[in-house]
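Construct the entire structure; sequences and hints are all you get.
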Amino acid sequence: MLKLINVTKTFNPGTSDARLALDDVSLHVKPGDFISIIGANGAGKSTLFNAICGSFFVDSGRVILDGRDVTMLPEYKRAKSIGRLFQDPMRGSAPGMSIEENLVLAAGQGGWMSRAGRKEKQAFRDRLALLDMGLEDRMKQPVGLLSGGQRQALTLMMATLSMPKILLLDEHTAALDPATAEKVLSLTTRIVEENRLTCLMITHNMQSALDLGNRTIMMDAGRVVFDTTGDERAALTVDDLLEKFREASGKALDNDRMLLAR
Amino acid sequence: MSFTTMLGLGQTALELALFNSLTVLALFLSYWMLNVCDLSTDGCFALGAAVGAVVAIAGHPWLSLPAAMGAGMLSGLVTAILQTRMGVNSLLAGIIVNTGLYSVNIWIMGGSSLLNMNKTATVFTMLKEALKGGPLGGQYALIIGLIAVALVIAFLCLFLRTKLGLAIRATGDNPDMVRSSSINPAFTTTVGLCISNSFTALSGCLLAQSQKSVTVDIGSGMVTVALASLLIGGVFMGKRSIPLRAVGAVLGAFVFRLVYTIALRFNLPAFMLKLISAVIVVIAISGPYLKKQFPLYRRQLAARLGKGGGEEC
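Just so you know, the sequences run in chain order G and Y. Quick note on our numbering: the first sequence kicks off at 1 and runs consecutively. Quick note on our numbering: the second sequence kicks off at 1 and runs consecutively.
Calculated from the structure, these hints are not laboratory results. Hints are all accurate, no fakes.
Facing chain Y, from chain G, some residues (calculated, C-beta under 8 Å): (1) C53; (2) R84; (3) S93; (4) E101; (5) G108; (6) R115.
Even for Gly, the Cβ is constructed at its ideal location relative to N, Cα and C.
The following block contains the structure:
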């Protein structure tokens, strides 16, 4: 489904600020995989997502998405196959436009000059009702009026509306209060399961990294330092993960949020 | 002043407001929807006037309208390419195109900075002929203005509901979201600027033909005047639906013209128009900001005067 082959990226090359953000990363994601990604601050987790999405072009290596080499494809051309959620709930929807307009835009059906029909709008309402947040009765309201949790749930809906090949979740519940985060997370797993989506999820919560999905990878200094799946993963505890990190990187995990989230 | 003079004045103001409101609607699209302050507006207005005049003088009064709009589209395309593909800051791109258009406009007018259309058949003279003797005889300019404004508003209302229109609005509303979506912001910005500039050019073309002459500086200060009108309209309509806000923009153009006409009646010299429009824009933009800041200013002032805070130690 997704293959990264020896991907390398250096920011500010040739200056004193040069930083190797991705160091020869190779990753093979199979269809239906749900991979949780953990790692310290600055380990290259978000950079990995940026490389997949094409927010920048990688310095070397190749990105293969669904059998197609997208290494040199600009971001907007890859976006049709990729759904992405950021930590900031404000980032994924247009605040001045209504819920309905945001959904029409996200669905991406029909040509540029087409307009959403009644049937399409009803389909949006039905899907929004599944969120159980009452959003289906607020279709005409501007998205700016929604709470952070509602907005992130809407973004999740928007990102999965056009059935992306792969869903990238970048700590998408980290900015929400615990109860809302819990709700958005269970919603995420439900949508991923129902639609059999291939999904990569960055999280700072070690426990949910082990609980959710079928594979966990750990990053440090731009490299994948630990990759586990199957029985080995099932037997792991959070303490094992911390120990693995110390072994792999030679230092203790310094992501304070991550430690708190144990 | 007699009633008829006043009526005449009112009517001229109405006609001018209608022609200008096309530029206001252009900014409605570029400034409000796309969130780009298009400073090439002045030059583009004059471009439309120049192209429209030259084509009309060449004997094609009806062709002059699409020709002017096409020229405006081209100008918008250049502005858009500068800012989306060549790394020029969007304000600077507008200023550069505006400067360049000054030369282009004189070149289009055959090296002269003034063109006369006294004996030229224009859309206005054509309609005047057609309506002669009818009940609407003298209202040809008003009719043309109304039709143009109605068509542009209708177009905007329909267009902004299409996928492309929504994409343009999203580009202005949340650029971060659009950047990581399947919409190419360079494309939506380009389309938006092409459309808005075609309206600006049409606006210039109609104004020039109605007053039967073009000077190269016909558009000077237009961006401020139009912005003032747009913001006045925004005061009426606030955050209502798109059609209402578009109508509000046109209303804003009327109110602006009314203020101007009244100012002239108070023997304010005509050259003060630009200053008035500048002041209106400043008030409309900074007013809400200052209102929000006011409590803070008051506290700062109080602190400076030694009231409250600061225990002796």
